[in-house]
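Following the hints, put chain Z in place on chain W, whose structure we already have.
Number of protein chains: 2
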Amino acid sequence: METFNYSDLSKTDIARLVQRNVDPANEIRALVEDVIAHVKQHGDRALYDYTHKFDKVELTRLYLDKAELEEIASAVSEDQQEALQTAYANIYKFHKAQLKTEDKVETMPGVTCWRELRAIEKVGLYIPGGTAVLPSTFLMLGIPARIAGCSEIVVCSPPQKNGKVNAFIAYVALMLGVNRVYLVGGSQAIAAMAYGTETISRVDKIFGPGNQFVTKAKTIIQSTTSTAIDMPAGPSEVLVIADKTANPAYVAADLLAQAEHGIDSQSVLVCTSQEIADKTLGEVTKQLIVLPRAEIAKQALDNSYIIITGDLNEAMDFSNQYAPEHLILATESWKEITGKIINAGSVFLGNLTPESAGDYASGTNHTLPTSSYARAYSGVSVDSFVKKITFQYLTEEGIQNIGPSVEILAEMEGLHAHKNAVSVRMNK
Amino acid sequence: METFNYSDLSKTDIARLVQRNVDPANEIRALVEDVIAHVKQHGDRALYDYTHKFDKVELTRLYLDKAELEEIASAVSEDQQEALQTAYANIYKFHKAQLKTEDKVETMPGVTCWRELRAIEKVGLYIPGGTAVLPSTFLMLGIPARIAGCSEIVVCSPPQKNGKVNAFIAYVALMLGVNRVYLVGGSQAIAAMAYGTETISRVDKIFGPGNQFVTKAKTIIQSTTSTAIDMPAGPSEVLVIADKTANPAYVAADLLAQAEHGIDSQSVLVCTSQEIADKTLGEVTKQLIVLPRAEIAKQALDNSYIIITGDLNEAMDFSNQYAPEHLILATESWKEITGKIINAGSVFLGNLTPESAGDYASGTNHTLPTSSYARAYSGVSVDSFVKKITFQYLTEEGIQNIGPSVEILAEMEGLHAHKNAVSVRMNK
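Chains as they are written, first to last, in this note's numbering: chain W, 1 to 428; chain Z, 1001 to 1428.
Okay, chain W solo, but in the shape it has when bound (with noise of 0.2 Å):
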């Protein structure tokens, strides 16, 4: 890991270390658009096709129903299904307050509005599967998705080898009350949910990660069909700022649990002397070693780099130009600088407080704004699934009340239809 002193940076320097790479994959639109029209125009029978040339299993059909899914499941050991159970107690704990009516506001006599909150009818879920298979992300999605009322949820999931998906996955499915799992992975699985086949519903929206083909459909379908997406996504990443009240072993293991996830992952650590990054690198040398995903980590900590400031209100500033996607504050100070967060996706507080934690079980979600994305999207919440729609009603006193403004406004803006429509009432 490169490490800088922030005050021998200039700002190119600093825009340079906060930039990541929003766009990787152009290359591979057309293939991508190519993937799209097919599903598109033939359906099922695409979906049939591709399964067979990128996942390499004949299915005989595309989907596992509620009896295989239980035999699937039966394989997860009690220990298993309660570490499941506790991370859906508590996910559910925390994205159920979310969900909030509002009141009424009445904004001069007799003209009331307010808003309601609708779940989004139909929403699709992608949950990665081969190497990576992540139940967690399938409960992070799942459960805001049951507690706003969604109506339909399409699951699509690339088969394993054996043409069933993992036992984790069917776990989760059946306690989220989703007796249906798509075998269907990679851009073909986007496609299907934005378009619907024989099979499968179009879906509202599409929420999930993937890899670049994933990614890459879902921008697409999000700017060429009326089906939304959750955001932008890209490789994970974690910002750890710490100062000498900070544990290195610590702060060690988050940069590690970070570096694991792929060799493009990016562990940043902004701390505040030469020494902490020196312990901190010491510990990363010896949690290294006994690490299965060694080598993976050990390639994406060398596209990470560490930061030296002179307090932790140099390295907040700097969090806040890289905007983290996960953000850890291990200091014991961390109450003075929390108010200082500008952008940031989850934020991790004081020494006991790892990102593993919220990555699975704390309560928060864990799909969340990357690439500097979180200076404009927060992570996924309840709020992702649901429109607020507004209302409003008038009185009689109400529309005597506004008609007049109206009618001025409408008349500056030279829309007299506009107008119209309040004098025709105002008149009655």
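Just so you know, the hints here were simulated from the structure itself, not pulled from any lab data.
There may be inaccurate statements among the hints.
Said to hold, decoys possible - With a cut-off of at most 25 Å between alpha-carbon atoms, the simulated DSS-like pairs for lysine-lysine come out as follows:
no.: 1; chain 1: W; residue 1: Lys93; chain 2: Z; residue 2: Lys1100
no.: 2; chain 1: W; residue 1: Lys100; chain 2: Z; residue 2: Lys1100
no.: 3; chain 1: W; residue 1: Lys161; chain 2: W; residue 2: Lys56
no.: 4; chain 1: Z; residue 1: Lys1122; chain 2: W; residue 2: Lys11
no.: 5; chain 1: Z; residue 1: Lys1100; chain 2: Z; residue 2: Lys1122
no.: 6; chain 1: Z; residue 1: Lys1340; chain 2: W; residue 2: Lys100
To be verified - Counterexamples of contact, computed for chain Z against chain W with all Cβ distances above 10 Å:
no.: 7; residue: Lys1011
no.: 8; residue: Arg1016
no.: 9; residue: Lys1040
no.: 10; residue: Asp1044
no.: 11; residue: Asp1049
no.: 12; residue: Val1057
no.: 13; residue: Arg1061
no.: 14; residue: Ala1073
no.: 15; residue: Met1175
no.: 16; residue: Gln1212
no.: 17; residue: Phe1213
no.: 18; residue: Pro1235
no.: 19; residue: Glu1275
no.: 20; residue: Gly1282
no.: 21; residue: Thr1285
no.: 22; residue: Ile1337
Virtual Cβ for every residue (Gly too), placed ideally from N, Cα, C.
Only chain Z this time, still in chain W's reference frame:
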């Protein structure tokens, strides 16, 4: 306006009727991409050139400053000022109520999670100019930006032939405390705000309606940069549900108000009898004659239609499939059907609540999802100008409570460094 009986319509017929052109302007993509590339490369120089080319204005400076805005705004009459202030007050009041802090949730003993709002730092507002001068849009975007606390608000609006903006735009700028308006329009304005130039700051999110070039530029920006956009945009539309308690003159006025926007606007009437349809059409003909924009409205109505349903429930059923930007419930029984609304942008209740009240001054936002996007998108609100960042804090008790589950879950996903980040903290 063509009339259909709902009971005669097949699923395919309905799908055709509710279909809007989602991406009407794909053929202009290359042109817009070219503009964006030029602005990215040449900055201000490109903006001067495009303004000369497209707006036929030779600028000597890219913006108007406070003194210039004040001079221009002095042309706004007292009546007009009062109308703008009424709109401001109502919009402010309704949007201010949207800004809420959330409670902390202890998901298990020692594990506390919550969300905090942070304003998006830099936002860009595109305010159309030229023939359509929309001070109301400026209010609808600027007020929630101010309430959210965005630290930088960049406003772009194309110059009029005199190289200035309209007096109403200048007046609203000053109301909002915006002391500089950039005289840039079209896709070049979107590119400038996404990439930044010598004079114009790069922003994190771009808001505002515009012509097909502006819309296309926003779509491209969204999928190729980390700058977000408010939502995709299409032509404006209204769906009016009317029963025998409706007033045909009011309904006609509402249909015409929508139709005068542009020839691609759509006004859909869904009513429970042929008699209501006939009476409304009679009123449309009568009111149309005196409208300055009659020619536009007439063409828009030619693209519109009427559906006759058996009852209000069927009407709502059709409306949900259409997912209208504006939904007017022209019936005294509106309370009985609002619970059945699934998809809509903004809803106008009863016979005395015209859409134009919400367009200007009721307090709700008029930047709303069109083209069936209301199935998955909400209109602009204070939410659109903030991020919700999740926080979590674990105590000693918390890490011991949650740790074992996280260890098991991390192992299930084969992520041993994730497990270790918890283990090192539990075994200290």
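TODO: Quick one: which hint numbers does this structure break? Sort them smallest to largest.
DONE: none
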